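Chemist: Sequence:
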Amino acid sequence: MSPPRRMKWIAIFLIGCLVLVGTKMVWANEKWSDQQEEWSKTALKITNSINKKQFLVAKEELTKLSTQFAEANFAHKNLSVAGIRALSDTILELEQELNRLMPNEQKMKIAALRLSIAFDTLSHPYQPLWKQYYDPLKERLLEVKQAVHKNKTAELKEAIYQFTREYKLIHPALIISKSKPTIQKLDSLIMALQRVDQPEMIQSSIKELENILYPLFFGSEKDVMAAIAPFGTLPFYWVLLWVSGFIILILAYVGWRKYQGEEQIAHRA
Numbered sequence: 001m002s003p004p005r006r007m008k009w010i011a012i013f014l015i016g017c018l019v020l021v022g023t024k025m026v027w028a029n030e031k032w033s034d035q036q037e038e039w040s041k042t043a044l045k046i047t048n049s050i051n052k053k054q055f056l057v058a059k060e061e062l063t064k065l066s067t068q069f070a071e072a073n074f075a076h077k078n079l080s081v082a083g084i085r086a087l088s089d090t091i092l093e094l095e096q097e098l099n100r101l102m103p104n105e106q107k108m109k110i111a112a113l114r115l116s117i118a119f120d121t122l123s124h125p126y127q128p129l130w131k132q133y134y135d136p137l138k139e140r141l142l143e144v145k146q147a148v149h150k151n152k153t154a155e156l157k158e159a160i161y162q163f164t165r166e167y168k169l170i171h172p173a174l175i176i177s178k179s180k181p182t183i184q185k186l187d188s189l190i191m192a193l194q195r196v197d198q199p200e201m202i203q204s205s206i207k208e209l210e211n212i213l214y215p216l217f218f219g220s221e222k223d224v225m226a227a228i229a230p231f232g233t234l235p236f237y238w239v240l241l242w243v244s245g246f247i248i249l250i251l252a253y254v255g256w257r258k259y260q261g262e263e264q265i266a267h268r269a
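If you're matching positions, the sequence shown starts at 1 in the UniProt record's numbering and goes up one per residue.
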């Protein structure tokens, strides 16, 4: 076979391989998309069953969802380890509520809603259900702000409870959708918000949450990070604590590296 003819057949072979690989990738993506859609529908069915007090149906559907999720292959999927854990936790949480000797219907409904919102994020990444909670969260945060100005502890505690309740509903979905630094920042602000005995910290948290809320729901990850101040306006001792923690981590790492070096020298000897 002449060189030009050989090159022609090699080119045809390579093109064929590329087509087969491309087709396989498209098929795998479509299969994954179908799987996510099925999970989302099952989660919604579970929520509807609980709302209708059809708890046996909810249990059966949850078992099916749990089995499928446990057997799924998440390799090379656009889903972080934290996201997988968040989805798994919503399943386990609802299982616990459904299997209680004395079930709490309200807790079941909340757990089911968290499950639905989380799995919906997989199947509808561009228009997820969790984005419908912008207005409720904004209103709850305003109530917290008003309660701070009134200086009424009982009213403030209730307002904070209502805000954190809304936040917890979408928390698993946020873990799936947002970066780890964003989630860590949000969680730290929520913790600071609950320090009723420290008004300065609450006011600082409110201010930062007001800045973050809109880009969190309607902006890019870059917009969110731009809205997050490195230290915000939190009290100085919090900044000092953060810096001290960072220094301790560095010293621990240096110590660990030194230990490893000594171990290697000992083995060589």
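What the hints contain is simulated information worked out from the structure, not anything from laboratory work. A portion of the hints provided could be inaccurate.
Only pairs whose alpha carbons sit at most 35 Å apart, straight line, appear in this in silico DSBU-like list of lysine-lysine [claimed, not checked]:
#1 41 - 77
#2 207 - 222
#3 180 - 138
#4 150 - 77
#5 145 - 107
#6 59 - 31
#7 152 - 168
#8 107 - 77
#9 138 - 222
#10 107 - 150
#11 168 - 180
#12 152 - 77
The model shown is predicted, which means the values in this text are computed figures rather than measured ones.
Chemist: Work down the list of hints and note, for each, if the structure agrees.
Modeler: The hints, checked one at a time:
Taking the CA atoms of residue 41 and residue 77, the gap is near 20 Å; set against the 35 Å cutoff, the hint holds. With a C-alpha separation of about 19 Å, the suggested pairing of residue 207 with residue 222 holds against the 35 Å cut-off. A hinted pair counts as satisfied when its Cα atoms are at most 35 Å apart, and residue 180 with residue 138 qualifies at roughly 22 Å. Proposed proximity of residue 150 and residue 77 is contradicted: the alpha carbons are some 49 Å apart, above 35 Å.
Straight-line distance between C-alpha atoms of residue 145 and residue 107 comes to about 27 Å, which keeps the hinted pair within the 35 Å bound. This hinted pair checks out: residue 59 and residue 31 have alpha carbons roughly 26 Å apart, not beyond 35 Å. For a cut-off of 35 Å, the pair hint linking residue 152 to residue 168 stands: about 24 Å separates their Cα positions. The suggested pairing of residue 107 with residue 77 holds, with an alpha-carbon distance near 32 Å, which does not exceed 35 Å.
For the suggested pair residue 138 and residue 222, the alpha carbons sit about 21 Å apart, so the restraint of at most 35 Å is met. A distance of roughly 31 Å separates the Cα atoms of residue 107 and residue 150; the hinted pair therefore holds under the 35 Å criterion. Our distance criterion of 35 Å between C-alpha atoms is met by residue 168 and residue 180, whose separation comes to about 16 Å. Annotation: proposed proximity of residue 152 to residue 77 is violated, straight-line Cα distance about 49 Å (limit 35 Å).
Hint compliance for this structure: hints 4, 12 are not met, and every other hint is.
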